[in-house]
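Under full-length UniProt numbering, the letters of the sequence shown match residues 1 to 343, in that order.
Hints listed in this document are in silico derivations from the structure and should not be mistaken for laboratory results.
We put the beta carbon where it would ideally sit given N, CA and C, even for glycine.
Keep in mind that the hints are not guaranteed to be accurate.
Said to hold, decoys possible - Just the calculated beta-carbon pair ranges, DEER-fashion:
1) A228 x V300: 33 to 43 angstroms
2) V279 x Q99: 37 to 47 angstroms
3) M1 x K208: 18 to 28 angstroms
4) K257 x A77: 48 to 58 angstroms
5) W93 x P24: 19 to 29 angstroms
What the hints assert, rightly or not - Calculated pairs, EDC-like style, for lysine to aspartate or glutamate (alpha carbon to alpha carbon, straight line, at most 16 angstroms):
6) K342 x E124
7) K342 x E321
8) K2 x D13
9) K327 x E16
10) K257 x E124
11) K332 x D167
12) K2 x E320
13) K249 x E272
14) K342 x E316
15) K332 x D45
16) K208 x E310
17) K257 x E272
18) K327 x D45
19) K2 x E16
20) K332 x D201
21) K334 x D201
22) K117 x D200
23) K2 x E124
24) K332 x D200
25) K342 x E320
26) K186 x D167
27) K2 x E321
28) K334 x D199
29) K334 x E124
30) K117 x E107
31) K327 x E107
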Amino acid sequence: MKALVLTEYNQFDLQELPRPTIRPNEVLVRVKAVGICGSDVHGMDGSSGRRIPPIVMGHEASGIIAEVGSDVKNWSAGDRVTFDSTVYSLDDWYSRRGQYNLSDGREVVGVSTPDFKRQGAFAEFVSVPQHILYAVPDNVSFTQAALVEPVAVALHALSLTPIQVNDSAVVVGAGMIGLFVIQALKLAGCGTIIAIDLDDDRLALAQKLGATFQINASSGNLASQVQALTQGRGADVAFEVVGAGPTVKTAIDCVRKGATVTLVGNLAPTVEMPLQAVVTRQLRLQGSCAINGEYEAALVLISSGRINVEAILSAEVPLEEGADWFKRLYAKEKGLIKVVLKP
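Hey, can you work out the whole structure from these sequences and the hints?
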């Protein structure tokens, strides 16, 4: 099969690799669409430490089942599917408590660390266990289905965050996940949704997708601007969707006392935190890790049109052009948010 291989940091090669073999509980998926995730872009240069070469990346994918293992039930060749990015054990202590995203020994499709390596979907075929599969509705395209994973990431962040109808929310970072968070906040009934980013084009898209107000982060006095939009208090909740020190501080600065700040981005391994501002204002800081059962809801929301995934799509291109598009995303080419490859 053809596969786009990260052979060394910042170097991709289109190679012929053996088709994956499947275990009794796995299926072989013929990949029809796979998205380039921001974590793949940052993994490409080694900065995340989670894409150790050589590795076939890619965890946001959809396709058709080509082959099923001997123990697979209720799935057949020809089924249209997508799959969770997390591979976990069903009998893990965390999985049994309904927290499979935290399971010990969890692996992520298309990720390579010192602890595990699992080949991903920047290829014609990928093998995955049956218990992470989800059926794709007939009215959802393969490209739309390849974007279910980031939608589910956004929904999981909301599921952890105490939100009441008419609450105010700040979203720091209007990239792909941030734009899905904004749409989900609108569905959850937030009355004021404030998007903060450095890119005016992304802020304009945030407005189109449900943000009530948009603030360019370069304008300064962000906390004061948010307070002016929230009865002088600050937002009830904030979502940090970048993963860097300055944006974490912005999220903390822009909420009211007693608020919740949900950290979704994880670009930087460590960040400085204004400890006294967190303690004396009794803020709740929490991380949101991956997905924990939100795939079905994401599929329904996309199928019904209540979540718009096409709005963030920048390009659909052949797998053979993947290396060039990685370079363009890495260079932060203006207007690029999401690229989907077609093996």
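Do the hints match the structure? See the list:
At roughly 37 angstroms, the beta-carbon separation of A228 and V300 lies within the given 33 to 43 angstroms, and the hint holds. Look at V279 against Q99: about 27 angstroms separates their beta carbons, and that is not inside 37 to 47 angstroms. Take M1 and K208: their Cβ atoms lie about 39 angstroms apart, and the range 18 to 28 angstroms is violated. Distance hint for K257 and A77: a CB-CB separation of about 57 angstroms, consistent with the stated range 48 to 58 angstroms.
At roughly 24 angstroms, the beta carbons of W93 and P24 sit within the given window of 19 to 29 angstroms. Distance hint between K342 and E124 is fulfilled; the C-alpha atoms sit about 9 angstroms from each other, no more than 16 angstroms. Taken as a hint, the K342 and E321 pair is honoured in the structure, with Cα atoms around 10 angstroms apart against an allowance of 16 angstroms. For the given pair, K2 sits about 10 angstroms from D13 by alpha-carbon distance, which is consistent with the 16 angstroms threshold.
For the proposed pair K327 and E16, the alpha carbon gap of about 22 angstroms is over 16 angstroms, so the pair is violated. Straight-line distance between C-alpha atoms of K257 and E124 comes to about 51 angstroms, which puts the hinted pair past the 16 angstroms bound. Distance check on the hinted pair: K332 and D167 sit about 33 angstroms apart at the alpha-carbon level, beyond 16 angstroms; violated. Restraint check: the Cα-Cα separation between K2 and E320 comes to about 9 angstroms, which is no more than 16 angstroms; the hinted pair holds.
Of the pairs offered as hints, the one joining K249 and E272 holds, with about 8 angstroms between alpha carbons and a cut-off of 16 angstroms not exceeded. As the CA atoms of K342 and E316 are separated by approximately 7 angstroms, the hinted pair is consistent with the 16 angstroms bound. At roughly 14 angstroms between alpha-carbon atoms, K332 and D45 fall within 16 angstroms of each other, so this suggested pair holds. With a C-alpha separation of about 12 angstroms, the suggested pairing of K208 with E310 holds against the 16 angstroms cut-off.
Only pairs whose Cα atoms come within 16 angstroms are accepted, and K257 paired with E272 is rejected, the gap being roughly 20 angstroms. Taking the CA atoms of K327 and D45, the gap is about 11 angstroms. The hint holds against a cut of 16 angstroms. A threshold of 16 angstroms between alpha carbons decides the hint, and for K2 with E16 the separation of about 5 angstroms falls inside it, so the pair holds. Restraint check for K332 and D201: the C-alpha separation of about 13 angstroms stays at or below 16 angstroms, so the hint holds.
For the suggested pair K334 and D201, the alpha carbons sit about 8 angstroms apart, so the restraint of at most 16 angstroms is met. For the hint pairing K117 with D200, the CA-to-CA distance comes to about 38 angstroms; that exceeds 16 angstroms, so the pair is violated. The straight-line distance between the Cα atoms of K2 and E124 is roughly 6 angstroms, inside the 16 angstroms bound, and the hint therefore holds. This hinted pair checks out: K332 and D200 have alpha carbons roughly 14 angstroms apart, not beyond 16 angstroms.
Taking the CA atoms of K342 and E320, the gap is about 9 angstroms. The hint holds against a cut of 16 angstroms. Under the criterion of a C-alpha separation no larger than 16 angstroms, the hint pairing K186 with D167 is consistent with the structure, at around 10 angstroms. With a C-alpha separation of about 12 angstroms, the suggested pairing of K2 with E321 holds against the 16 angstroms cut-off. Proposed proximity of K334 and D199 is supported: the alpha carbons are some 9 angstroms apart, at most 16 angstroms.
Between K334 and E124, the direct Cα distance comes to roughly 29 angstroms. Violation of the 16 angstroms bound is thereby established for this hinted pair. The suggested pairing of K117 with E107 holds, with an alpha-carbon distance near 8 angstroms, which does not exceed 16 angstroms. Of the supplied pair hints, the one linking K327 and E107 is violated, its CA atoms being roughly 26 angstroms apart against a limit of 16 angstroms.
The earlier numbered hints that this structure contradicts are 2, 3, 9, 10, 11, 17, 22, 29, 31.
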